[in-house]
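Chemist: Same order as they appear, the protein sequences are chains A and B.
Residues 1 to 233 (the numbering used here) are what the first sequence spells out, left to right.
Residues 1 to 291 (the numbering used here) are what the second sequence spells out, left to right.
Keep in mind the hints are simulated off the structure, nothing from the lab.
Here the structure is a predicted model, which is why all the values come from computation and not from measurement.
Heads up, the beta-carbon is just placed ideally off N, CA and C, and yes, glycines get one too.
Don't take each hint at face value.
[Said to hold, decoys possible] Distance ranges between label pairs, derived from CB positions:
#1 Ile67/B / Glu97/A: 53 to 59 Å
#2 Lys70/B / Asn152/A: 43 to 49 Å
#3 Lys147/A / Arg65/B: 44 to 50 Å
#4 Asp137/A / Gln176/B: 52 to 58 Å
#5 Trp138/A / Arg48/B: 57 to 63 Å
#6 Met38/B / Glu12/A: 49 to 55 Å
#7 Glu12/A / Glu216/B: 36 to 42 Å
#8 Gly194/B / Glu97/A: 25 to 31 Å
#9 Phe149/A / Ala136/B: 32 to 38 Å
#10 Val158/A / Glu73/B: 31 to 37 Å
#11 Glu22/A / Ala139/B: 20 to 26 Å
#12 Glu216/B / Glu47/A: 36 to 42 Å
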Amino acid sequence: MDAKVAMDKIRERFREDIIKIEEKVKNKIYVTIDKKALAPAARFLFEDMGFRYIVGAGTDRRELEGDFLVTHFFSFDEAKIFLVLHAPVPASEPELEVDSITPFIPAANFAERETYDLLGIRFKGHPDPRRLVLPDDWPANLHPLRKDFPHNFRPEPVEGQAPPRKDPPPGATVLPIGPFFTVLEEPAYFRVFVEGETVVDSDYRGFYNHRGIEKLGDSALTYNQVCFLAERI
Amino acid sequence: MLELERIHSHILWTGIAGHILGFDTVLMQTWRIREPVMWLCELITGNRKQYGMNLIGGVRRDIPREIHPKIHEVLDGIEREWKALISAIGGDTPLMMRLKDVGTLPYDKARLTCVVGPTARGSGVGIDARLDHPYAAFAEVPPELKVQESGDVLGRTMVRLEETLASIDVVRRALQAMPEGPIMAEIDSEIPPGREGICSVEAPRGEVFHYVLTGENNRPYRWKVRAPTYVNLQSVPLLIKEGTVADVTISLGSIDPCFSCTERLEVVDVRSGEVKVYRKDELLKLTRGKK
Numbered sequence: 001m002d003a004k005v006a007m008d009k010i011r012e013r014f015r016e017d018i019i020k021i022e023e024k025v026k027n028k029i030y031v032t033i034d035k036k037a038l039a040p041a042a043r044f045l046f047e048d049m050g051f052r053y054i055v056g057a058g059t060d061r062r063e064l065e066g067d068f069l070v071t072h073f074f075s076f077d078e079a080k081i082f083l084v085l086h087a088p089v090p091a092s093e094p095e096l097e098v099d100s101i102t103p104f105i106p107a108a109n110f111a112e113r114e115t116y117d118l119l120g121i122r123f124k125g126h127p128d129p130r131r132l133v134l135p136d137d138w139p140a141n142l143h144p145l146r147k148d149f150p151h152n153f154r155p156e157p158v159e160g161q162a163p164p165r166k167d168p169p170p171g172a173t174v175l176p177i178g179p180f181f182t183v184l185e186e187p188a189y190f191r192v193f194v195e196g197e198t199v200v201d202s203d204y205r206g207f208y209n210h211r212g213i214e215k216l217g218d219s220a221l222t223y224n225q226v227c228f229l230a231e232r233i
Numbered sequence: 001m002l003e004l005e006r007i008h009s010h011i012l013w014t015g016i017a018g019h020i021l022g023f024d025t026v027l028m029q030t031w032r033i034r035e036p037v038m039w040l041c042e043l044i045t046g047n048r049k050q051y052g053m054n055l056i057g058g059v060r061r062d063i064p065r066e067i068h069p070k071i072h073e074v075l076d077g078i079e080r081e082w083k084a085l086i087s088a089i090g091g092d093t094p095l096m097m098r099l100k101d102v103g104t105l106p107y108d109k110a111r112l113t114c115v116v117g118p119t120a121r122g123s124g125v126g127i128d129a130r131l132d133h134p135y136a137a138f139a140e141v142p143p144e145l146k147v148q149e150s151g152d153v154l155g156r157t158m159v160r161l162e163e164t165l166a167s168i169d170v171v172r173r174a175l176q177a178m179p180e181g182p183i184m185a186e187i188d189s190e191i192p193p194g195r196e197g198i199c200s201v202e203a204p205r206g207e208v209f210h211y212v213l214t215g216e217n218n219r220p221y222r223w224k225v226r227a228p229t230y231v232n233l234q235s236v237p238l239l240i241k242e243g244t245v246a247d248v249t250i251s252l253g254s255i256d257p258c259f260s261c262t263e264r265l266e267v268v269d270v271r272s273g274e275v276k277v278y279r280k281d282e283l284l285k286l287t288r289g290k291k
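Construct the entire structure; sequences and hints are all you get.
Modeler: Below you can see the structure in the form of structure tokens.
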């Protein structure tokens, strides 16, 4: 399959919903699609066409296009193809919302939670929509990657609103590892649910070191400065 | 440079893995082997880590011909010692018992969770951004793809051990094929706003992905980065499920997690609650200034 064949397949399947589809650079396909077809298109790419999910992201384009952009990135490694799937969500909508793809692409779990945290776009049907990257004491409904949020603004910490932790299965014991633990050189919090010595399930809370570098990159630094910051990720 | 980074990172990981398993000889030996690579990095870039080499349009420094022999000498030494270490690890029964059939991620689960790098290649998913989306000069000096089918910690370990040797090979070929010429492209116009770009790079831990939407004022409008641990970490619940408590740490360690590779020093006074971030000169004064 080459890029042209891939584009034809997508066109054929989602003819009604495609707003724009183009191969901007060789093997780099950009598709803009109606938001109601975002989840079905992602599923089609992942399950039927064998694309690999890379990550999802959101962009606040209110000052440019009056919308928020939800994007899922895919790769088809065998044929060296990248595919970018954009779906605009008009800012005028009362509820910023798209359908979640995590139920059938588990790899999208973190990306969708992060996009909600940073931009306030909800992913309907996400199996675990808890806070991911923002700290426990960050105010609700304050989304720092929005363009009207200054990069150096520090909100007042809110007490007692830590995200709920997952309940262990009945009969299992909780073994906490972290947030600071001798064998982990960096902070991360795993709650391991055990029966005897056997691990039956686990829960994770991390991102204690989230530094907001994407925010810095689009509001405080220039291109050449970004290079040096990018290297320190 | 990218391959030197991979070499020292894989060597470092092997040491940490030994350390997690309580086998500190591995840690000591690997870090001893690794040190000359750090000296090389310093020789080429001026820094042991965080090289600061990349700029828009090129790199800051060239690799002068005079230091090629030095690079070859270090690589030869590492290759010799690394082969000895691989055979020592393979012949160590208790170590193998801690690695084999531990933290297994089968092929189909690896596809589903979209893991990258050695975590994917250890589960039989043969993806590598250097080959799949060639950047820099990797189209001309492609690395040999190392894949293990077993999906356990041993699989991921073997991928890293063998990739270290493959990287040495890439550096040798790259040095030989290195052309003369300018190291920076002249960019005479400003970067126009509203353009999009994507790129993947194979870091030691796996694929790093960048998306940029250009903006006004000489800066991106949106810059999205996805580091490899972001996806690999999401596979950890699968790795540790049904295993024993003692294997949790090495299973987690086997994806080579980097929760955040940079720390800054922030001091919180517990009595007053005051937060202070130290600047470089203050830190230097604290450390070097002491008599």
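Chemist: Hint says 53 to 59 Å; check whether the CB-CB distance for isoleucine 67/B and glutamate 97/A agrees.
Modeler: 57 Å, holds
Chemist: Are lysine 70/B and asparagine 152/A spaced within 43 to 49 Å by their CB atoms?
Modeler: 45 Å, holds
Chemist: Between phenylalanine 149/A and alanine 136/B, does the C-beta distance stay in 32 to 38 Å?
Modeler: 36 Å, holds
Chemist: Verify the CB-CB distance for methionine 38/B and glutamate 12/A against the hinted window 49 to 55 Å.
Modeler: At roughly 54 Å between Cβ atoms, glutamate 12/A and methionine 38/B fall inside 49 to 55 Å, so the hint holds.
Chemist: Quick check: does the Cβ-Cβ distance between glutamate 22/A and alanine 139/B fall within 20 to 26 Å?
Modeler: Since the Cβ atoms of glutamate 22/A and alanine 139/B sit about 24 Å apart, the hinted range of 20 to 26 Å holds.
Chemist: Starting from the range 44 to 50 Å, see whether the pair lysine 147/A and arginine 65/B falls in it by beta-carbon distance.
Modeler: 49 Å, holds
Chemist: Holds or violated: 36 to 42 Å for the Cβ distance of glutamate 12/A and glutamate 216/B?
Modeler: 38 Å, holds
Chemist: Return holds or violated for the Cβ distance of glycine 194/B and glutamate 97/A against the range 25 to 31 Å.
Modeler: Once the Cβ atoms are compared, 26 Å apart, the range 25 to 31 Å for glutamate 97/A and glycine 194/B holds.
Chemist: At the C-beta level, are valine 158/A and glutamate 73/B separated by a distance inside 31 to 37 Å?
Modeler: 58 Å, violated
Chemist: Starting from the range 36 to 42 Å, see whether the pair glutamate 216/B and glutamate 47/A falls in it by beta-carbon distance.
Modeler: 40 Å, holds
Chemist: Regarding aspartate 137/A and glutamine 176/B, is the given constraint of 52 to 58 Å on their beta-carbon distance met?
Modeler: The hint (52 to 58 Å, Cβ to Cβ) holds, given that aspartate 137/A and glutamine 176/B are roughly 56 Å apart.
Chemist: Would you say the C-beta atoms of tryptophan 138/A and arginine 48/B sit inside 57 to 63 Å of each other?
Modeler: The hint (57 to 63 Å, Cβ to Cβ) is violated, given that tryptophan 138/A and arginine 48/B are roughly 35 Å apart.
Figure legend: structure checked against the earlier numbered hints; hints not met, in rising order: 5 and 10.
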